[in-house]
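Let chain X serve as the given structure and place chain C on it in line with the hints.
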Amino acid sequence: MADTRSQSDRDLQDAVITYLADATLRRAPVPGLPLSSEQARRAGRFARFLARRYYRDRLARSFRYSPRFAAAAETLVDTPAFDAFLDDCVLGSAAAAERVGDMATAFLEPLPAPGPWWSDLLQYERLFFLQTATTETVSPAEFPRPAASARCRQFSWNLPALLPELKTGQPAAGRLPQEVILLFSRTPQGRIYVVEVDDSTAAVFRAADARLSPRQVAEAVSLPAELVQRTLVALVRIGALVTSS
Amino acid sequence: MPAMVQGRLSIGAFYNPHLAQALLQAGSAVDHLSMADPPGPDDAAFPAIRDRFPLLLHDYLGQLSDPLSEHALARARHLQDIYRGPWVAEHFQCLHTQDGARTLDYVFPPLYTEEFLSRFSANACVLRDAVDAPLVMENIPGFFALDYAQMTEAEFLRRFLDQTGCGLLLDLPHIWLAAHYSGRNAREYLADFPLDKVVELHVAGVEQDRDLEGPWIAPTPPTQEILDLALWVAERAPGLRAVTFDAFAPSLTAEVLLRSVEATRSAFGL
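From first to last, the protein sequence lines stand for chains X and C. Just so we're aligned: 168 in this note's numbering is position 168 of the first sequence, and the numbers increase by one with no gaps anywhere. Just so we're aligned: 146 in this note's numbering is position 146 of the second sequence, and the numbers increase by one with no gaps anywhere.
Be careful, since some hints might not be right.
Pair ranges (Cβ atoms, derived) [claimed, not checked]:
1) Glu-114(C) with Ala-106(X): 36 to 44 Å
2) Glu-179(X) with Gln-25(C): 40 to 48 Å
3) Arg-68(X) with Asp-37(C): 22 to 30 Å
4) Pro-41(C) with Ala-40(X): 18 to 26 Å
5) Glu-226(X) with Val-126(C): 40 to 48 Å
No wet-lab data here; the hints were simulated from the structure. None of the values given here were measured: they were computed from a predicted structure. We treat Cβ as the ideally placed atom computed from N, Cα and C, and that holds for glycine.
Next comes chain X alone, as it looks inside the complex:
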């Protein structure tokens, strides 16, 4: 992993950061880092501390509405299941965020539902969590592809309209279901977007997989090339898609 004889100090620091972030690297004997076995044990403890702190913070920031009605999602990080997760997580990876997001919804979903929108709310918070807890990036390709944490999902309840009521802890009883498609994304600068999109935009997002040119995406979704081009540009701007072109 690290050849301390030929690399710069800055590169070595990157190797240390990667070692702390990736539990799978810490399973084997110290891979080329100038760490004694005693200091490697200490580094392992520090890495677990960092990961537990990171996911506690991201869960609290993302599962902001459900605590009005149930346990706070961040209490998950103090459970034995989370201890097991710490043994093989890669801090900031999309896979780790997916796993913690799933654990959080599984933790909260069995609780008595405070309303028919409960499952949708947890999915909304889970997808928001993916944005706050993912620092992993995907390599831009010539043609647009989804960012590591970008997700598009149909909801039975119009969450953006419902959230102000949920914030008070007393949602209006007379509100009816209303289907919406929401796209969750995060820019490289860390700005998070949750935007309501139409069927066409959702179709373009789902079709953009790095293998198709904009014209091929237009053919795949049966939409005008000009509209698809504009949509792709907008999706790149909000961090939902990445491209090198």
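Frame of chain X; chain C shown alone:
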């Protein structure tokens, strides 16, 4: 925009938006506020906070081990334009990989080497020029050590401050932890630190962490040991202007914040 108090130490705290009303009602108990995050768009109390307190920029502006992007420099300028504090703070830390793919998202010190000293010095000057204000740098503790350092933390800080003319923001819980985990007394650990460059002190508490199997920084009141250390440093820091209770967390209560500031004020006989 209120100015920092003159003729005595300014005793302050970090701005916690959920405690804004308590801060506004606290009279003259809190002299200044440090800003760890920009004011939120839904923070209705911030205009009154800005009118009432001198504000210190203490956000994450970027890691000075690497050149700051134009975006980061513009953001730092923008925040300093809002706060107009007498100095701007950053940290001796390196927590992101160069490609941005991995981050520790928390305080983590650089390797204390000539290369890092050169990197921090060059990038700090760029940041200081961009914000057009004095820059103070905060010490960061390590929990483990690589067999690689070319100098001590104290030498790294002293040479950096000499090269750049920056000030030192001495975080005393960080010092206490660094000393604790290296098996030394905090005053002994500080023996070679450039205390003559200290502009601001941070005080706070520590508590036991189960992963570390030892103490770590906590948003709790400063212990008497930390306050005694603050007084000891103050006697050796002729440029000291401010002492800040370093805690910002949703769990922090107004009672703990105000009690901590009062304890700090009392320790300094103010």
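Here is how each hint holds up against the structure:
1. Restraint check, Glu-114(C) to Ala-106(X): a C-beta distance of roughly 50 Å breaks the suggested window 36 to 44 Å.
2. At roughly 46 Å, the beta-carbon separation of Glu-179(X) and Gln-25(C) lies within the given 40 to 48 Å, and the hint holds.
3. Between Arg-68(X) and Asp-37(C) the Cβ separation comes to about 23 Å, which falls inside the hinted range of 22 to 30 Å.
4. With their beta carbons about 44 Å apart, Pro-41(C) and Ala-40(X) fall outside the hinted range of 18 to 26 Å.
5. A hinted range of 40 to 48 Å holds for the C-beta pair Glu-226(X) and Val-126(C), which are about 43 Å apart.
Hints 1 and 4, counting from the list given before, are not met by this structure.
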